[in-house]
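Asks: One letter stands for each residue in the lines below.
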Amino acid sequence: MPLDERAVVISNTCVARDTYEIELLAPVIASEGKPGQFVHAHVAPTSAPLLRRPFSIYDADPLSGKVWLLYRVRGLGTGMMACLRPGDEMDMMGPLGRGFTLPGCEHPCPALGASVLVGGGVGIAPLVYLARSLVKAGASPVVLYGASSQEDLAARGRLSDTGAPYHAATLDGSAGFRGTVVDLLESRMWSASPRRKSPGRLERSAAASPPSFIYTCGPEQMMATVAAYAQARGTPGEASLEAHMACGVGACLGCARKLKPSAHGEIGYAKICRDGPVFPLDAVEFDAAGGEEARP
Amino acid sequence: MSEIDLSVNLGGIHLVNPVVMASGAFGYGSDYADFVDMASVGAICVKGTTRRPRLGNPPPRIVETPCGMLNAIGLENPGIEAFLSEHLPRLRAGGATVIANIAGTSVEEFAEMAAMIDAADGVAGIELNISCPNVREGGMHFGSDPGLVHEVVMAVKGATSLPVMPKLSPNVGDIVAIARAAEAAGADALSMINTLVGMAVNIDARRPVLGNVFGGLSGPAIKPVALRMIYEVHREVRLPILGGGGIISSRDALEFLMVGASAVSIGTAAFVNPGCTAQVLSGIRGYMERHELTRLDRITGAALIR
Numbered sequence: 001m002p003l004d005e006r007a008v009v010i011s012n013t014c015v016a017r018d019t020y021e022i023e024l025l026a027p028v029i030a031s032e033g034k035p036g037q038f039v040h041a042h043v044a045p046t047s048a049p050l051l052r053r054p055f056s057i058y059d060a061d062p063l064s065g066k067v068w069l070l071y072r073v074r075g076l077g078t079g080m081m082a083c084l085r086p087g088d089e090m091d092m093m094g095p096l097g098r099g100f101t102l103p104g105c106e107h108p109c110p111a112l113g114a115s116v117l118v119g120g121g122v123g124i125a126p127l128v129y130l131a132r133s134l135v136k137a138g139a140s141p142v143v144l145y146g147a148s149s150q151e152d153l154a155a156r157g158r159l160s161d162t163g164a165p166y167h168a169a170t171l172d173g174s175a176g177f178r179g180t181v182v183d184l185l186e187s188r189m190w191s192a193s194p195r196r197k198s199p200g201r202l203e204r205s206a207a208a209s210p211p212s213f214i215y216t217c218g219p220e221q222m223m224a225t226v227a228a229y230a231q232a233r234g235t236p237g238e239a240s241l242e243a244h245m246a247c248g249v250g251a252c253l254g255c256a257r258k259l260k261p262s263a264h265g266e267i268g269y270a271k272i273c274r275d276g277p278v279f280p281l282d283a284v285e286f287d288a289a290g291g292e293e294a295r296p
Numbered sequence: 001m002s003e004i005d006l007s008v009n010l011g012g013i014h015l016v017n018p019v020v021m022a023s024g025a026f027g028y029g030s031d032y033a034d035f036v037d038m039a040s041v042g043a044i045c046v047k048g049t050t051r052r053p054r055l056g057n058p059p060p061r062i063v064e065t066p067c068g069m070l071n072a073i074g075l076e077n078p079g080i081e082a083f084l085s086e087h088l089p090r091l092r093a094g095g096a097t098v099i100a101n102i103a104g105t106s107v108e109e110f111a112e113m114a115a116m117i118d119a120a121d122g123v124a125g126i127e128l129n130i131s132c133p134n135v136r137e138g139g140m141h142f143g144s145d146p147g148l149v150h151e152v153v154m155a156v157k158g159a160t161s162l163p164v165m166p167k168l169s170p171n172v173g174d175i176v177a178i179a180r181a182a183e184a185a186g187a188d189a190l191s192m193i194n195t196l197v198g199m200a201v202n203i204d205a206r207r208p209v210l211g212n213v214f215g216g217l218s219g220p221a222i223k224p225v226a227l228r229m230i231y232e233v234h235r236e237v238r239l240p241i242l243g244g245g246g247i248i249s250s251r252d253a254l255e256f257l258m259v260g261a262s263a264v265s266i267g268t269a270a271f272v273n274p275g276c277t278a279q280v281l282s283g284i285r286g287y288m289e290r291h292e293l294t295r296l297d298r299i300t301g302a303a304l305i306r
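Chains as they are written, first to last, in the working numbering: chain A, 1 to 296; chain B, 1 to 306.
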C-alpha cells in the first residue's frame, strides 16, 4: 500500500555533471517498492516550487531500509533538492505506479532469457534496480547505458554492483562505444559475457542474437528508436515514461498519454502515474521529435 | 467553554465540518483511498461530470508556475451515467458527503443532468460548473453572462429539489453581477472561485506549453484574487459561499472564512499534501479554541469593513 513517508537524507552526492544521487532512509518504500515504480517527492516545504517531483526508484535495499534516487538538476525543484544535507527530511509518497514485469510475476515474462535494458541519461535510474532484481531472479540481463559524454555516466558504479554486465555508449566517444545507445544496440557489439568491470571492451559474440525482451527508459527520441528496433524484430518489451504530474495517484488527470488504441483496449488517455509509468513498448505512441522541458 | 461546533449549513447542504475537497482535485475518491478518509472531510465535490463521457484535452495538460499550476484537463470524465452507477455508490459506502459537479453544454443539458442526480440516491447538493476555462462548448461561457447564469440556475432549480450551488468564474469583469444573477434565480449557495485563465510558453520549442494553449491557474498564486472576490460578493449577496483558491493552510482557510466564506474548498494543495484537509481542519479548531469561539458563523465575514 502506498503511503506518505518522511524520508531522512543519508547522503546527497554529485555523481556526474549536474547529476546527483540521494540516499534516503525510507523503510516502507524500500521494502515495498518494485523496479519501475516511483516516489513522489516534496523537495521543500514551500509554495515554490509547489508540486511534488516524481522520481523512479533508482535502487532500494529492504534490509537497511534505504532508497536511492538519481536526479539531474533541471530547475528550481531539483536545484533545491541538491541542497539537501544528511539529516534533512523529505516527504515521499510511494511506492506509486505500475513497475516492470519481472520473472515470477503473474504474467508470462520472457525476460528471464537474454533481456536487454536500454537506458539513456538519468533514464538509467529505474533500470539499475531492475537489473539488480532480474539478476536476483536468476535472469541474465545486459544493460546498455548511453550518455552524451563520460562526464554524464552517473550510474556506472551502481551498475557494476548489480551483477549485470553493462556497456556504455557516449556521443563523443569519451567512454565506451562512440554513438548513441541505440547505435550500440543495433551494432550488436555487446555480449552477456561477465566482463562486468570492463564496460569499455566490446566484442561480437554469440549473444549478439536479438534480445528476448527489451526494457527501456530515457529521452523520448531514444525510446522511439528502441521501439522501432523492437518492432522490426518482433521483440516484446516495456518502456518507462515520464511526465509532469500534480498528484501522482491518478486524481488530477494531468499526466495523460495517448496509447495505441489496440493496446489500451479502451478509448481515452492513459495516466502515466497510475496506469504506468511502465507500459508495453508496442502500446506507446512515441514522439520521435519529442524534447524535454525543464520544470520551474 | 461549550463544545466547538464545526458543522456548516451550506445553503441546505449539511457539512460536518467546513473543509471540502474541491472538484477536480479528488477525482471520484478512489485514487486517494490510501491517503484520505473520505468521511473525514466536510464534503467531496466530485470531478466535473458531463452528460456523455469526455476524452479531455491533448497533453501536455499541466505546467507548474510560480506558487501555482496551470491545468487544461478539459473535463475528462466518464459521463454522468457512470458517475451515478459506478462512482457514487462507492463514495457513499466510504461515508462521503457528495456534491455532484456537473458541466452541461446547454441549459437543457444542465437540467437533464440535475434531474438524473435528483432521481439517484445519495447526493447532498449540486455544484454547477459554469466556469471551466478548458472546454470549448459550455464551461466558462455560461458563467460570464449574468443572463445565462440566471437561465442555467433557474432551469436546474426546476429540475431538482437538491441544493444548487453555481461555481463562479473569476474571469469576469463584475463578479458581483454574476453572483446577484445566481441569487435572483434561486441558487442556494455560491462556490467561488474557479481557476484564472493563463498560459505558459516553451521557449525551446517556441510554442505554448499546454496542448490546449490556455489553462486554468490554481494554487497559492490566486489566493488574493479569490479573497477579494469573495469579499466583494459577501458584501452584496446573502447566499452562503464555499470559498477556495490557493488554500494550503488553516491560516489561509481562516482568511477565506473571515472575508465571507461559510466553508472552504481545497484543491491544488491536496495534490501536494493529501493530509492537507485534516491539517486545515485541525488548525481551524485550534484557532477557535484559542479565541474561545464555539461556532464558525462567528468567524464568517468577521473581516468585513462595513
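Quick caveat, the hints were computed from the structure, so don't treat them as lab data. Built from N, CA and C at the ideal position, the CB exists for glycine as well. Worth double-checking, as some hints may not be accurate.
[Stated by the list, open to error] Footprint (simulated), chain A over chain B, 3 or more residues, beta carbon under 8 Å:
1) 16 to 28
2) 65 to 77
[What the hints assert, rightly or not] In silico SDA-like pairs for lysine to any residue, Cα to Cα no more than 20 Å straight-line:
3) 258/A x 292/B
4) 258/A x 151/B
5) 258/A x 54/B
Asks: Has the given pair, residue 258/A with residue 151/B, been kept, meaning a C-alpha gap of at most 20 Å?
Replies: At roughly 38 Å apart (the allowed maximum being 20 Å), residue 151/B and residue 258/A break the hint.
Asks: For the segment 65 to 77 of chain B, count the residues whose Cβ lies under 8 Å from any Cβ of chain A; is that count three or more?
Replies: Since 8 is at least three, the answer is holds.
Asks: Under the criterion that the straight-line Cα-Cα distance not exceed 20 Å, is the pair residue 258/A, residue 54/B satisfied?
Replies: At roughly 14 Å apart (the allowed maximum being 20 Å), residue 54/B and residue 258/A satisfy the hint.
Asks: Taking 8 Å as the C-beta cutoff, is the stated coverage of the segment 16 to 28 of chain B by chain A satisfied by three or more residues?
Replies: Holds, because 4 residues of the segment 16 to 28 of chain B bring their Cβ atoms closer than 8 Å to Cβ atoms of chain A.
Asks: Taking only the CA atoms, is the gap from residue 258/A to residue 292/B under or equal to 20 Å?
Replies: violated, 54 Å
In the structure shown, a violation is registered for the earlier hints numbered 3 and 4, in ascending order.
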